[in-house]
Amino acid sequence: MTSQVIEGGAPSRGRAFLTSFMKNILPAAPLLLIVGFFFLFPITRLIYVSFLSNDNTFTIDNFKTAIQEPYRTGFINSIKIGVFSAAIAAFPGALAAYFIETRGSSKLRRTIAVMSGVLANTGGVPLAFMFYAALGIQGYLTKALKYLGWDLYSGTFSLGSFVGLLIVYLYFQLPLMVIVFSPAIVSLRREWSEAARNLGASQFNYWIRIGIPLLFPSFIASFLLLFASGFSAYATANALTVGNLPLTPLQIGGLLDGNVSAAQLNLGKALGVVMIVISACAVIPYLAIQRRSAKWQKR
Amino acid sequence: MAKALRIKFQPPLAITLLILGFFVFLPMLSAFEYSIRTPLTGGYGWTHYIWAVTEEDFLHYILRSMWLAGVTVLITLFVLVPTMTWLHLSNSKVRGLIDGLSLLPLVIPVVAFAVGAQISFPEFVQNTVLELPFLYFVLALPYAYRSLDIGLNSIPLKTITEAARSAGANWLRTITSVIIPVIRGSVMATIALTFALSLGEYTLTVLLHWDTFPTWVTYVAQDNILGAIAISMMSLIIPFLILTVITLFVPERTIQGRK
Chain S
1 MTSQVIEGGA PSRGRAFLTS FMKNILPAAP LLLIVGFFFL FPITRLIYVS
51 FLSNDNTFTI DNFKTAIQEP YRTGFINSIK IGVFSAAIAA FPGALAAYFI
101 ETRGSSKLRR TIAVMSGVLA NTGGVPLAFM FYAALGIQGY LTKALKYLGW
151 DLYSGTFSLG SFVGLLIVYL YFQLPLMVIV FSPAIVSLRR EWSEAARNLG
201 ASQFNYWIRI GIPLLFPSFI ASFLLLFASG FSAYATANAL TVGNLPLTPL
251 QIGGLLDGNV SAAQLNLGKA LGVVMIVISA CAVIPYLAIQ RRSAKWQKR
Chain U
1 MAKALRIKFQ PPLAITLLIL GFFVFLPMLS AFEYSIRTPL TGGYGWTHYI
51 WAVTEEDFLH YILRSMWLAG VTVLITLFVL VPTMTWLHLS NSKVRGLIDG
101 LSLLPLVIPV VAFAVGAQIS FPEFVQNTVL ELPFLYFVLA LPYAYRSLDI
151 GLNSIPLKTI TEAARSAGAN WLRTITSVII PVIRGSVMAT IALTFALSLG
201 EYTLTVLLHW DTFPTWVTYV AQDNILGAIA ISMMSLIIPF LILTVITLFV
251 PERTIQGRK
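Chains as they are written, first to last, in this note's numbering: chain S, 1 to 299; chain U, 1 to 259.
Take the hints with a grain of salt, since some may be wrong.
To be verified - According to the in silico footprint, chain U covers these stretches of chain S (three or more CB under 8 angstroms from chain U):
(1) 39–51
(2) 94–105
(3) 115–126
(4) 136–142
(5) 153–163
(6) 231–237
(7) 271–284
Calculated directly from the structure, the hints in this document are not laboratory data.
None of the values given here were measured: they were computed from a predicted structure.
Ideal Cβ placement from N, Cα and C applies to all residues, glycine included.
Generate coordinates for the entire structure from the input sequences, incorporating the hints supplied.
Here it is as structure tokens:
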């Protein structure tokens, strides 16, 4: 209000700067301060410290160690579990989102939205318990499968193994896929399929020429986000594995807790920075695709 | 026509729901069955739930998690909502910057964020549990921002604000009694999401050595496994109930206002 009045006059240069500052930046200051102090500052410091040796001199040795064994295997396993869990969850999740959004009643859609929100956030010990109860050695599904002649535990399977963890990860990856892919389906306009049909397209033609090309970018974007989620999951892996499966988040957690000691004090920070870089390779394209498809998804 | 379609039985939908339901509920119900076992008598009962609820720590930790989540929601309401309203109204140059910043937490894995937080904050910040709501706020920011953005985009914000201002409302009043009620759908969604995320946050909390409800479950599991399963079941059901209640309050029109 005041600033508008001042604007009407012919302020001096200093005052002009001040009013422009007050008008353009000041109201955003609380948010910028919080994000700056509680987010940008720690991340910048993390990157800075990752380049410091034990004597606080500049070095890239932390990164050299970070890409050697056993951390190399940690990264490979983490990337693998991210890719596989995303790949397995993506298509069924997309299909489920399609049927729920196009055929479900509004009540059903809202219930599923709430449930997906809760399920996508499950993890850690509660999730581990659920799978021990279902797929553990004494689990119900294990017993049922054994009754049917398939002994899960005859080989090397355990819930803490790679395959075991992969199955458990699907429990939050599938709902996450439903959440992130649903908006794309909602914005597929009914008119488009009707228009295509009026022009003589079959259902198959509509999907090949219109539906899939429109949804494909969002599908890839969702896949990338799922990858980032599986790649950086910590709580569930921490609850299920007992040091048998090297994963980067667990290795960082170990270094942070001081349970594992390394010759280089700042190794954990370097591992964190490499994780950020890998995660950025997935999330930044995700955001770019989202922004692009938001253009036609807007109504 | 639309009504007839909705009522008609939908085989693909039914099959989808059946498979999803199986995958979701089988582990849940299996764990539930464990949590109501009473090994001493060999039957079923609520023993472990009663044990958990009467534990002194139960109330302590659940209240702590609740108020931390409450503070996170307050930060969202008092900082994010006014700032975003202002950004939408003013076409300020910082809007692009804040747009980008708000999405950035998606890029950073929580574990890396925890390491950064541990080595950066001065002691007076690290010594108070109040650092957690601010960190939770950052974690929830990408989702909260998007959800509010949709809400603010879907209303004629400028007209509404000008009307309120010319009717004599000041800025605070415009935001609290005009704008927030108009976009209550997306505000409620944002609250639900922020609350749920804060209530269940584990990684950051445990790596910064704080104890909340989710980390307490891990601790209990070491000596009373069935009790811990009971608590785990509650930690799933409580956010579910809260979210359901919050979304029930939201009139349908605002949720689907974009369609």
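Hints and how they fare:
1. 39–51: holds (count 8)
2. 94–105: It holds: at least three residues are needed, and the region 94–105 of chain S offers 7 whose Cβ sits within less than 8 angstroms of chain U.
3. 115–126: holds (count 10)
4. 136–142: With 3 residues in contact (Cβ-Cβ under 8 angstroms with chain U), the coverage given for the region 136–142 of chain S holds.
5. 153–163: violated (count 0)
6. 231–237: holds (count 4)
7. 271–284: holds (count 8)
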